[in-house]
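Asker: This is what each chain is made of:
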Amino acid sequence: MVRVMLGGSLKNSAGGLSEFDVEAGTIRELLTRLGDQQPQLKPILDKGVAVAIDGQIYRNAWLEPVPPDSEVFILPRLAGG
Amino acid sequence: MAPVSKRPDPERRFKQVGTRPLRPDGVDKVTGRAKFGADFVLPGMLIAKVLRSPHPHARIRAIDTSTAEVLQGVKAVVTRDDFPDPMSDETMTGEGDESLRDIVRNVMAREKALYEGHAVAAVAATSAAVARRALAAIEVDYEVLPHVTDVDEAMRPEAPVLHDDMFTAGVEPKPERPSNIAKRYDITLGDVAEGFAKAEVVVEREFKTEAVHQGYIEPQACLASYGEDGQAELWCCTQGHYFVRNACAKILGMDISRLRVTASEIGGGFGGKTTVFIEPVALALSRKAGRAVKLVMGRDEVFRATGPTSSTSMRVKLGATADGRITAGQAELKYQGGAFAGSPVQWGAMSAFACYDLEHVEVVGYDVVANRPKAAAYRAPGSPMAAYAVESVVDELAAKLGMDPIELRLKNATREGTQAAYGPKFGPNGLVATLKAAREHAHYGAPLGPGQGRGVASGFWFNFGGETCVSLNANQDGTVVLSMGTPDIGGSRAAQCLIAAEELGIPYDKVRAIVADSSSLGYNDMTGGSRVAFAVGLATIQAARGLVETLCARAAGIWGIPPEAVVWEDGHAKPAGANAGAFDPLSLEDIAKVAANTGGPIAGHAEINAEGAGVSFGTHLVDVEVDKETGRVSVLRYTVIQDAGKAIHPSYVEGQYQGGAVQGIGWALNEEYVYGDDGRLQNPGFLDYRVPVASDVPMIDTVIVEVPNPGHPYGVRGVGETPIVPPLAAVANAVAKATGVRMTTLPMSPPRVWQALQAAAGVGPGSGPEG
Numbered sequence: 001m002v003r004v005m006l007g008g009s010l011k012n013s014a015g016g017l018s019e020f021d022v023e024a025g026t027i028r029e030l031l032t033r034l035g036d037q038q039p040q041l042k043p044i045l046d047k048g049v050a051v052a053i054d055g056q057i058y059r060n061a062w063l064e065p066v067p068p069d070s071e072v073f074i075l076p077r078l079a080g081g
Numbered sequence: 082m083a084p085v086s087k088r089p090d091p092e093r094r095f096k097q098v099g100t101r102p103l104r105p106d107g108v109d110k111v112t113g114r115a116k117f118g119a120d121f122v123l124p125g126m127l128i129a130k131v132l133r134s135p136h137p138h139a140r141i142r143a144i145d146t147s148t149a150e151v152l153q154g155v156k157a158v159v160t161r162d163d164f165p166d167p168m169s170d171e172t173m174t175g176e177g178d179e180s181l182r183d184i185v186r187n188v189m190a191r192e193k194a195l196y197e198g199h200a201v202a203a204v205a206a207t208s209a210a211v212a213r214r215a216l217a218a219i220e221v222d223y224e225v226l227p228h229v230t231d232v233d234e235a236m237r238p239e240a241p242v243l244h245d246d247m248f249t250a251g252v253e254p255k256p257e258r259p260s261n262i263a264k265r266y267d268i269t270l271g272d273v274a275e276g277f278a279k280a281e282v283v284v285e286r287e288f289k290t291e292a293v294h295q296g297y298i299e300p301q302a303c304l305a306s307y308g309e310d311g312q313a314e315l316w317c318c319t320q321g322h323y324f325v326r327n328a329c330a331k332i333l334g335m336d337i338s339r340l341r342v343t344a345s346e347i348g349g350g351f352g353g354k355t356t357v358f359i360e361p362v363a364l365a366l367s368r369k370a371g372r373a374v375k376l377v378m379g380r381d382e383v384f385r386a387t388g389p390t391s392s393t394s395m396r397v398k399l400g401a402t403a404d405g406r407i408t409a410g411q412a413e414l415k416y417q418g419g420a421f422a423g424s425p426v427q428w429g430a431m432s433a434f435a436c437y438d439l440e441h442v443e444v445v446g447y448d449v450v451a452n453r454p455k456a457a458a459y460r461a462p463g464s465p466m467a468a469y470a471v472e473s474v475v476d477e478l479a480a481k482l483g484m485d486p487i488e489l490r491l492k493n494a495t496r497e498g499t500q501a502a503y504g505p506k507f508g509p510n511g512l513v514a515t516l517k518a519a520r521e522h523a524h525y526g527a528p529l530g531p532g533q534g535r536g537v538a539s540g541f542w543f544n545f546g547g548e549t550c551v552s553l554n555a556n557q558d559g560t561v562v563l564s565m566g567t568p569d570i571g572g573s574r575a576a577q578c579l580i581a582a583e584e585l586g587i588p589y590d591k592v593r594a595i596v597a598d599s600s601s602l603g604y605n606d607m608t609g610g611s612r613v614a615f616a617v618g619l620a621t622i623q624a625a626r627g628l629v630e631t632l633c634a635r636a637a638g639i640w641g642i643p644p645e646a647v648v649w650e651d652g653h654a655k656p657a658g659a660n661a662g663a664f665d666p667l668s669l670e671d672i673a674k675v676a677a678n679t680g681g682p683i684a685g686h687a688e689i690n691a692e693g694a695g696v697s698f699g700t701h702l703v704d705v706e707v708d709k710e711t712g713r714v715s716v717l718r719y720t721v722i723q724d725a726g727k728a729i730h731p732s733y734v735e736g737q738y739q740g741g742a743v744q745g746i747g748w749a750l751n752e753e754y755v756y757g758d759d760g761r762l763q764n765p766g767f768l769d770y771r772v773p774v775a776s777d778v779p780m781i782d783t784v785i786v787e788v789p790n791p792g793h794p795y796g797v798r799g800v801g802e803t804p805i806v807p808p809l810a811a812v813a814n815a816v817a818k819a820t821g822v823r824m825t826t827l828p829m830s831p832p833r834v835w836q837a838l839q840a841a842a843g844v845g846p847g848s849g850p851e852g
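These protein sequences, in sequence, are chains X and L. Just so we're aligned, residue 1 is where the first sequence starts under the working numbering, counting upward by one. Just so we're aligned, residue 82 is where the second sequence starts under the working numbering, counting upward by one.
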C-alpha cells in the first residue's frame, strides 16, 4: 500500500481529500487505481499529471516502480519556456 | 543496451566536458549564411498576409472575401471556415497542455475577435503588394463589444465577459455566472494563521507587473508546401518542430506522417515559439492554392498577436520571529493570460516560496482572461513575477529585522530534505551554495556611492526532461554525425558535440551535430523547460555508449576474440587485458572504414523519456544608481550566481545567466505593454517597447556553482530559465536601497520612479510607497 498525496494546486481537487492509500507497484497502476477510487480525480489524471516519488518528479513514466514506503505526490505536469 | 546509470560519478575526470570550444554554428551566424525562418524560398511560392482585428473585443457577424478572391494575383483566401472546430476538449501537449479548441480559435478568430490583432482572414498572392490589396478588400462585419485589458478590472463582476462558457474551475460550488476567471488554484502547507500568530514582525505588500514580450529578434516565419497527394512540408522557426507538426496535422485533419517539418535556425524564442500561430494558416493557404506559401510576421504583428507573458496583480505577506525565522508565507496571485485560459499562475503559485523552508504557506492563484493576445511561455513561466513580490517582501523583512538580506535568506533557505509547499521534498540543490557564494563575492562588499543601492534576490525553477531521440552515425573517416530533434537555441549543438566527444574519446571537431527534421527521428519534446542540456545529454550519452558497444564488438570480430574481452579507452578499442591477446589498438576510424566488411554501418541511438531533472536555484546581486531628477535607474554592476550541476560548455552556461539577467533587467526597468483606453496596444515596436541594449547594461559577471544533479551521470541541471527569476526583485531591492522608496509596480520606468520619489518627498499626490 502506497500513501499518495495530492500536491501543488491539485490538493483540493478531490472534494477536500488530499491523501489516499493505493495498492500499486508502478506509476501506471497508481494512477489507474487512484482514478478508480476517486472518480472525481480521473479527468485530471487522464489529462496528465506528474508524480513525485521521494522527491524525484516523473512527468511521463508509467512503468517507474513505486516502492511501498515511498513518499508520493501527484503534481500538475511541469512545463517551461 | 541497458539504460545509462544516472548517478553522477564523483571520481570522473572529464577531458572535454567543461571546456570552451568554438560553437559549430558561429561562422554561419556572423557571416549571415545561417538560414532563419524567413530565408527559405521555393519556386513559384506565394506571399501570405494576415488580416487582423482592429477591435479588442468584437463579435464577427460575417466575413465577405468575394472581392478579394477575384483580385488578379490572389490565389487563396482562408477564414475561420477553413479550420474545422474541434468538437472535443482535447489538449495538445507542448510547453504545458493547451486546449486544441483554443489553439484553433487563436490561430483564426471564430465567433469573436478577442484582442486587437487577432487573425480574422489570410490571403496568399503572387506578391506582398497584391496580398495587402486583397486584405483591404475583405469586409468583416463586426459587432464591437466592451473590452477589458487590466487583470483587476477583468476580475470584477461587472467586467465584460470574454467567454460565455467560462465558469471558474477550482471553486465549489460551480459559479452560477460565467466570468473572466478561468481557474482558481490554491496551495497550502500547514496553517498560516498559526504561523502568523508566532510572528513578531509582519510585512504585507501589494504589487503589479505589466505584460512583457519575449522580445526575440526574429519574428515568426514559415514556408509551407502542400502537395496534391496530401503530403506537405513546412520550414519554420520554432522551439519544437515536432509539436508544430502534430498541432498542424491535428488542426488540418492530416496524418502526422504526411507532414514533415524542418526547424530553421532560430533568432530567439525564450518560450514564445512553443506554440503555433501562422504555421497552420500557411499550410491551409498552400493546400487551397496548390502552391508553396511563405508567411512572415511583421514586428507589430509579433507584439499584437503572439504571446507575451502575463500582467499580474499580487499580494504577499510574510511573518518572522525577531531572530529572523520566517514563520509563514501567504500570497494571492492574479495572472492575466490574454484571451484564453492558461496563464502561468499555477507555476507562479508553486514556485513563489520555493526558496524557503517554511512550515506554513498559503498561495491562492487566479488564471484570468482579458482582451489581450494569448500569453505564451516566457523563461520560467510565472516564476519571475511571484519572485518579484516575495523577494521584495523578504528584503523589507530583513530591513525591519535589522538583518543582512543574505543572512536572512540563509537562515530560511531551502536545503536537501526541505518540504516544498507544492508537495515533495527537495533533493540535493545549490541554493545555499549560491547564497554563500554571493556573500563571499567581492561584489557584495564593494563600496557604494551616493544615490546608489545594492539589491539581492534568489530564484527557482523546476526543470524537466521529456521525450528525446538522438542518433549517432559513424562515418568511414572516423567522424561522427549527431542528429538531434531539438532546435538549437542556447548552444545545444556545441554541448552535445562535447558530450559525444567525451564518451567516444575523439576530438570535439570530429563530431558534427545537426537538428534533424520531424520525419528523421522519433518524437522530441521542445527546446524549453531548461531540458535540452539535461535530456538530450542523457540521450547522447546513451547513444554514444551504444555506439561504443558496437565498435568493441566489431573490433572483437576483427581480432577473433569475445566482445567482452574488448574495452574502449581514449577513442580506441583495446584488448581488455593480457589474457585477451596482444593486438594493436583500433581507433574509431580504423573500425569505421572497414564497417562494410564487419556487418555494415555503425551507429548508436537513443529514444528515451528523460526523467530526473534536478531543480535549479540562483542568487543575483545588483548595484543601481537612481537619478532623482529624472527617475532613471542605471545598472552599475550585476552578478549572477547559479547552480548548473555540471557545466558542459561553461561559456554557454554563462551566456544563459547573462541573457536571463538582461531580460529581467528589461522587465524590471522598461519593458511593458501599454494599452490605450481603446484597448489597442500603443507600443508594438522596439522603438517604444524598450528592451535593454548592450549600452544599457554593464558586463554581467557570472559564478557557476556546481552541486551535481543525482539524476544525471554528469550531474547536469538545466540552466536556461532560472536566470530570469531573480532580477525583477533584485533590481527593485536595489532601487529601494538607493532611494528609500519601495517600488511595487513594474516596470520601474523613469516616470514611475520619478513620481514615486515626488510622492515620498510629499511633493506629488500620495506619499510613501509607490502604488
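In case anyone wonders, no lab produced these hints; they're calculated from the structure. Keep in mind that the hints are not guaranteed to be accurate.
Claimed, not checked - Sample of chain X residues lacking proximity to chain L, with all beta carbon distances greater than 12 Å (derived): (1) G16; (2) E23; (3) A24; (4) E29; (5) R33; (6) G35; (7) Q37; (8) P39; (9) K42; (10) I57; (11) D69.
What the hints assert, rightly or not - Anything over 12 Å on all C-beta distances counts as not near chain X; from chain L, calculated: (12) D109; (13) G125; (14) D163; (15) G251; (16) Q427; (17) M431; (18) L482; (19) T499; (20) A501; (21) G547; (22) D590; (23) V696; (24) D708.
Stated by the list, open to error - Listed below are the simulated SDA-like cross-link pairs for lysine to any residue, each with C-alpha atoms no more than 20 Å apart in a straight line: (25) L:K264 - X:L45; (26) L:K116 - L:I337; (27) X:K47 - L:R339; (28) L:K264 - X:R33.
Since the structure is predicted, the reported quantities are computational estimates derived from the model, not experimental observations. Glycine is no exception: its CB is placed at the ideal position from the N, C-alpha and C atoms.
Asker: Is the claim that L:V696 lies outside the interface with chain X correct, judged by CB distances over 12 Å?
Answerer: Per Cβ check, L:V696 is inside 12 Å of chain X; nearest 9 Å; violated.
Asker: Check the non-interface label on L:Q427: least C-beta distance to chain X beyond 12 Å or not.
Answerer: violated, 5 Å
Asker: Would you check whether the claim that X:G16 is not at the interface survives, using Cβ distances to chain L and the 12 Å cut-off?
Answerer: At roughly 9 Å from the nearest Cβ of chain L, X:G16 sits no farther out than 12 Å, so the non-interface label is violated.
Asker: Hey, does X:I57 actually stay past 12 Å from chain L on C-beta?
Answerer: violated, 7 Å
Asker: Does L:D708 really sit off the interface, with its C-beta more than 12 Å from all C-beta atoms of chain X?
Answerer: With a cut-off of 12 Å, L:D708 remains clear of chain X, as the shortest Cβ separation is near 33 Å.
Asker: Taking the closest pair, is the beta carbon of L:D590 still more than 12 Å from chain X?
Answerer: holds, 31 Å
Asker: Run the C-beta distances from X:D69 to all of chain L and say if the shortest one exceeds 12 Å.
Answerer: holds, 14 Å
Asker: Decide, holds or violated, for the assertion that all CB atoms of chain X are farther than 12 Å from the CB of L:G547.
Answerer: violated, 7 Å
Asker: Take a quick look at L:T499 and tell me if its Cβ sits farther than 12 Å from every Cβ on chain X, holds or violated.
Answerer: The assertion about L:T499 is violated, with a minimum of 10 Å to chain X.
Asker: Check whether the Cα positions of X:K47 and L:R339 lie no farther apart than 20 Å.
Answerer: violated, 26 Å
Asker: Taking the minimum C-beta separation from L:L482 to chain X, is that value above 12 Å?
Answerer: holds, 30 Å
Asker: A cut-off of 12 Å on Cβ-Cβ distance, and X:G35 was said to be off the interface with chain L. Does that hold?
Answerer: holds, 17 Å
Hints 1, 10, 15, 16, 17, 19, 20, 21, 23, 26, 27 and 28, counting from the list given before, are not met by this structure.
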